[in-house]
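Let chain A serve as the given structure and place chain B on it in line with the hints.
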Amino acid sequence: AQTVTQSQPEMSVQEAETVTLSCTYDTSESDYYLFWYKQPPSRQMILVIRQEAYKQQNATENRFSVNFQKAAKSFSLKISDSQLGDAAMYFCAYRSRQGWGNKLVFGAGTILRVKS
Amino acid sequence: NAGVTQTPKFRVLKTGQSMTLLCAQDMNHEYMYWYRQDPGMGLRLIHYSVGEGTTAKGEVPDGYNVSRLKKQNFLLGLESAAPSQTSVYFCASSLQGDTEAFFGQGTRLTVV
Numbered sequence: 281a282q283t284v285t286q287s288q289p290e291m292s293v294q295e296a297e298t299v300t301l302s303c304t305y306d307t308s309e310s311d312y313y314l315f316w317y318k319q320p321p322s323r324q325m326i327l328v329i330r331q332e333a334y335k336q337q338n339a340t341e342n343r344f345s346v347n348f349q350k351a352a353k354s355f356s357l358k359i360s361d362s363q364l365g366d367a368a369m370y371f372c373a374y375r376s377r378q379g380w381g382n383k384l385v386f387g388a389g390t391i392l393r394v395k396s
Numbered sequence: 002n003a004g005v006t007q008t009p010k011f012r013v014l015k016t017g018q019s020m021t022l023l024c025a026q027d028m029n030h031e032y033m034y035w036y037r038q039d040p041g042m043g044l045r046l047i048h049y050s051v052g053e054g055t056t057a058k059g060e061v062p063d064g065y066n067v068s069r070l071k072k073q074n075f076l077l078g079l080e081s082a083a084p085s086q087t088s089v090y091f092c093a094s095s096l097q098g099d100t101e102a103f104f105g106q107g108t109r110l111t112v113v
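Just so you know, the sequences run in chain order A and B. Residue 281 is where the first sequence starts when you use the numbering used here, and the numbers rise one by one after that. Residue 2 is where the second sequence starts when you use the numbering used here, and the numbers rise one by one after that.
So here's chain A without its partners, still in its complex pose (with noise of 0.2 Å):
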């Protein structure tokens, strides 16, 4: 079975600053999915970036951008600028392509503080 680990409960970035989120997952397999999610107070899930393993290039999105490295099962991701708004849970997941269903393994979460 597959594994994600987040090992920053809890994060903390000045605004404008550039922070960046670890996530290590475990696999044997060699094509997936990985995912980072938001999630604000408000509980909605936000689907931030995704990455695809056979892409060597790091996927990006505006302010967010990822640095995946297959080998080492990593998958960081860097908000730049970072704003008041991005303060939330941030998810990290993984997703097989193998098999049924869209089923996604979740890490534990970081909680990302924005200071003004």
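In case anyone wonders, no lab produced these hints; they're calculated from the structure. On a predicted model such as this, the values are computed, not experimentally measured, just so you know. A portion of the hints provided could be inaccurate.
Label-pair distances were calculated between CB atoms; the ranges are [said to hold, decoys possible]:
id: 1; chain 1: B; residue 1: GLN18; chain 2: A; residue 2: GLN294; range: 43 to 49 Å
id: 2; chain 1: A; residue 1: GLN324; chain 2: B; residue 2: GLY78; range: 20 to 26 Å
id: 3; chain 1: A; residue 1: THR283; chain 2: B; residue 2: ALA83; range: 22 to 28 Å
id: 4; chain 1: A; residue 1: ALA351; chain 2: B; residue 2: LEU96; range: 31 to 37 Å
Residues from chain A shown here face chain B by an in silico Cβ test under 8 Å; the list is partial [what the hints assert, rightly or not]:
id: 5; residue: ARG323
id: 6; residue: GLN324
id: 7; residue: PHE344
id: 8; residue: ARG377
id: 9; residue: PHE386
id: 10; residue: GLY387
Some, not all, of what chain A presents toward chain B, calculated at C-beta under 8 Å [to be verified]:
id: 11; residue: MET325
id: 12; residue: LEU327
id: 13; residue: PHE371
id: 14; residue: LYS383
id: 15; residue: LEU384
id: 16; residue: ALA388
id: 17; residue: GLY389
Beta carbons: idealized from backbone N, C-alpha and C, even for Gly.
Chain B in isolation, oriented as in the chain A frame:
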């Protein structure tokens, strides 16, 4: 377009009571899922469905039952609630197995 809607948003149950959580999606998605979110554990899959009339167990299915009688609805039932089932429950749906999952707004359930 409402997306994924969960009913109710909050509920308090007494130990031993039963209840059903309703998830409705209006995107014609084939796949639907129920997760529970607990502090320090992220979201864990309870049950899922790959189409109308089908259901399958996820990571933590004990104490829950589900039904998918209509494509747009996925029901999660608790027959005899226990305090260990206090959690936030999320429903999600996706068009196919490899497309983006859309989440509902969650249901906070407290069992006393």
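Enumerated hints in conflict with the structure, sorted upward
Those not satisfied come down to hint 7.
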